[in-house]
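First to last, the protein sequences are chains A and B.
Each residue of the first sequence is one higher than the one before, starting from 1146 at the first, in the numbering used here.
Each residue of the second sequence is one higher than the one before, starting from 7 at the first, in the numbering used here.
Honestly, I wouldn't trust all of these hints.
As the list claims (entries may be wrong) - A partial selection of chain A residues facing chain B, derived with a Cβ cut-off under 7 Å:
{"id": "1", "residue": "Trp1277"}
{"id": "2", "residue": "Thr1284"}
{"id": "3", "residue": "Cys1288"}
{"id": "4", "residue": "Tyr1299"}
{"id": "5", "residue": "Pro1312"}
{"id": "6", "residue": "Pro1316"}
{"id": "7", "residue": "Thr1361"}
{"id": "8", "residue": "Phe1364"}
{"id": "9", "residue": "Ile1365"}
{"id": "10", "residue": "Ile1461"}
{"id": "11", "residue": "Ala1462"}
{"id": "12", "residue": "Asn1464"}
{"id": "13", "residue": "Pro1466"}
{"id": "14", "residue": "Gln1474"}
{"id": "15", "residue": "Cys1484"}
{"id": "16", "residue": "Ile1488"}
Bear in mind the hints are in silico, worked out from the structure with no lab data behind them.
All C-beta atoms in this analysis are idealised placements derived from N, C-alpha and C, irrespective of residue type, glycine included.
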Amino acid sequence: MLSLERRAVDSRLMQWGSPVLALLLTILTGLVLFWALGKDPLAALGFFFLVPLSDTHGWAELGLKMAPLLLCAAGLTVCYRTRIWNIGAEGQFVMGALWASVAALKLSDATGFWVLPVVLGAGIIAGALWAWLAAVLKTRFHCNEILTTIMLNYIALNLLLYAVHGPLRDPMGFGFPQSEMFTASALLPQLIDGTRLHIGLLFALFAAVAVGVLFTRTFIGFQLNVLGQDGRAAAFAGFGERRLIWLAFLIAGGLAGLAGASEVSGPIRQLIPQVSPGYGYTAIIVVFLGRMQAVGIILASALLALTFMGGEMLQIAMNMPKAITGLFQGLLLFYLLTCDAFIHYRLRLRRPLPSAAIGQEA
Amino acid sequence: MDTLLITNILAATIIAGTPLLLVALGELVCERSGVLNLGQEGMMLMGAVMGFIAAVTSGSLAVGVLVAILAGIAMSMLFALMAVTLAANQYAAGLALTIFGTGLSAFIGSSYVGQSISGFPKIAIPYLSDIPVLGPVLFRQDLLVYLSLVLFVLVFVFLRYTRGGLIVRAVGESPEAANANGMRVLAVRYLAVAFGGGMAGLAGAYLSLAYTPMWTENMTSGRGWIALALVVFATWKPERVLLGAYLFGAASILHLVLQGLGWRSSTELLAMLPYVVTIAVLVLLSCNPARTRLNTPLSIGQPYRPSK
């Protein structure tokens, strides 16, 4: 009979083996799924993982989609390491995009190097304030942050819809719910000419490394870690719990807000209702898959960025629903958590004891 | 306001509250056994899409409902495998279930978007439905509304008066003590999670077969999450879940009511109301944290591993 047995020491191999195993299981499930749908499994897999990266343009698009994922994930890493279950990156992202757009549109007549920092700053502040709401609700009113951040996501989405249908709608836009195009001074510089890749990716890489340094090299990071692992220990050590919780939320919100701002002032160049294809939610998977480590979340954000591209590719090439992206992402997280159990536990084959022996053993 | 308007608003409140009632009752039992399943949204979506597909292909609403319940249970078993058997973090496992369910339901349902069926018809109960106001509100509804009320009574009686309910509560308060008394903690939790899944699936079916008889991606629009807040609001008591479901239901149709009254405001701003109300309710609860703490199942969120 199989049974789970607690390991004496957590398995370091499984700590990093689990994401790889989860990816393999996801791919395996994907193959079965494609086969069941009557498509050539290997061809479909190729379209999903390889074809999107077959040229420079593809790699640029990968970096483009990595940027918002990694920015959100870097912020969420701070929260999750502190055991703050901030699910609100999506809403913070949307608020960042919304207020960056407000700034960009207000400054549409202005030129100069300062316009872009103002636009990005507006996004960062908006995202941070949106997250701060959840922080206050948690520290002052003891509201569960999972529920409040989810609700704030829905509220942010409706605010976005209100803005593009109302005050920010382009009067010359034939009634489409979208803003005017931004002017050049509010746009992020490109990294590679001829592609859409912009310097938002550098922000993201920098943020990931900074978060890594925060936790490995600074006292604040240490305090956050302690609070995450044992709140009572943090209290005994005199670490200000409220201050740390606010800090974690502000960092997460600011980075998600920057991600939103970078999207509107990067590839999109205007505010549209579909500003996020769910980056804020996917970033949660990035954090878990990346083991809450800088290098890990960088790699994981690249993989998850690829799932967005792969989904689009399958839709175009093999006429499959685009929703396959969400399905793969969900599968990946599910397998990951299942495999993660084997960090702490191992499977053991055990012969059932004869019934007479059970009494004696007890 | 005239009587007809009030009657219509109240009837719409009951309808809007029914999916919340169903999913919250399921989650209530689940949480009373000590398991917090944040995957409600994912299970509801799977119930909604599977129920709709089954109803379209079989032509039978009953089959649709049955398939929806089974889909919810199947999803909840994935959660139970992670959170009960493998003792994974319940928060993470629940989130995974929601993300997975959202993706899977969108994938499965993609070719059914835009199709419509005739949903559950309203059934007037003879004589009772002729009572002014109360009649149309309570006794001229569809079958699933009546079913939700029956299920409410069953859950209420089960938790309060039966041995089974006592076992569920014991497991939720102290799994160690329950285990020492010979109760099979993991089996009880599996059953509670399965019940929660079935109810979430049924709630999803209510959305896609009765509330708006069609399938659209993410059609639950946060109801699974609102139901989780609702259980906290109800301090884990079925009778307060009933009340809360209709209160939240009222909040979710408030924008329609205000528009009906000629209130000029943006649809998008009014559509925020249910979410704002949910946060407001959570804040109000903090006035009396002791009471919430007193009623919280003691072992909630903590995985249990039998020592042998």
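Broken hints, by number: 1, 2, 5, 6, 7, 8, 9, 10, 11, 12, 15, 16
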